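Asks: Could you build all of it, start to finish, from the sequences and the hints given here?
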Amino acid sequence: MDMPAIPQPTFYIFKCEQSAPPGMPKPSCVTEYSRDLFNHLATSMMQKGLMGPVQPIRTSCLGRCQMGPVMLVEPGHHMYCQLSKEKIDRIVDEHIVGGNPVLEYLIPEQFWGEPINLAQ
Numbered sequence: 114m115d116m117p118a119i120p121q122p123t124f125y126i127f128k129c130e131q132s133a134p135p136g137m138p139k140p141s142c143v144t145e146y147s148r149d150l151f152n153h154l155a156t157s158m159m160q161k162g163l164m165g166p167v168q169p170i171r172t173s174c175l176g177r178c179q180m181g182p183v184m185l186v187e188p189g190h191h192m193y194c195q196l197s198k199e200k201i202d203r204i205v206d207e208h209i210v211g212g213n214p215v216l217e218y219l220i221p222e223q224f225w226g227e228p229i230n231l232a233q
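Numbering (the working numbering), first residue to last: 114 to 233.
No lab work stands behind these hints, which were simulated from the structure alone.
Source: prediction; values computed, not measured.
Positions of the beta carbon are idealized from the N, C-alpha and C atoms, including for glycine.
Treat each hint with caution, since some may be false.
Stated by the list, open to error - Label pairs and their in silico Cβ distance ranges:
{"hint": "1", "residue 1": "I119", "residue 2": "R203", "range": "25 to 35 Å"}
{"hint": "2", "residue 1": "G212", "residue 2": "G136", "range": "23 to 33 Å"}
{"hint": "3", "residue 1": "Q195", "residue 2": "G136", "range": "17 to 27 Å"}
{"hint": "4", "residue 1": "R171", "residue 2": "I229", "range": "19 to 29 Å"}
{"hint": "5", "residue 1": "P134", "residue 2": "Q160", "range": "26 to 36 Å"}
{"hint": "6", "residue 1": "Q223", "residue 2": "P138", "range": "13 to 23 Å"}
{"hint": "7", "residue 1": "M116", "residue 2": "R148", "range": "36 to 46 Å"}
Replies: Quick look at the structure:
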């Protein structure tokens, strides 16, 4: 069967969509103030014609609850924290379209060190 090659996505954006019931001690990336962030991300990318080469993915907890709402951009292990619609717009324009991570929105290094080498 001859099928044309489908290019890989350029970026995957994993947006934490974890919510915790009221009273839980762990913070939640989805609250009444942040529940529209994933839809805002997807709408922005559709309007800019980025869907396909960029894949937004709803995910559960990314393990950085105290810094939420968060999203992870791959490749590169770029973890963005304390998101807002305005921050997402700038990340899409500067990182996804422009190729330059928005350094001031990245999670502080003490919360996001180098990945563990599992092959050791």
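Asks: All the hints need checking, so say for each whether the structure fits it.
Replies: Results of checking the hints against the structure:
For I119 and R203, the Cβ-Cβ distance of about 30 Å falls inside the hinted range of 25 to 35 Å, so the restraint holds. Checked against the hint of 23 to 33 Å, the pair G212 and G136 fails, with Cβ atoms roughly 43 Å apart. Between Q195 and G136, the C-beta spacing of about 23 Å keeps the proposed range 17 to 27 Å intact. The given range of 19 to 29 Å is respected by R171 and I229, whose C-beta atoms sit roughly 25 Å from each other.
P134 and Q160 have their C-beta atoms about 34 Å apart, which keeps the hinted 26 to 36 Å range intact. As the Cβ distance of Q223 to P138 is approximately 21 Å, the hint placing it in 13 to 23 Å holds. Checking the proposed 36 to 46 Å range against M116 and R148 shows it holds: the Cβ atoms sit about 39 Å from each other.
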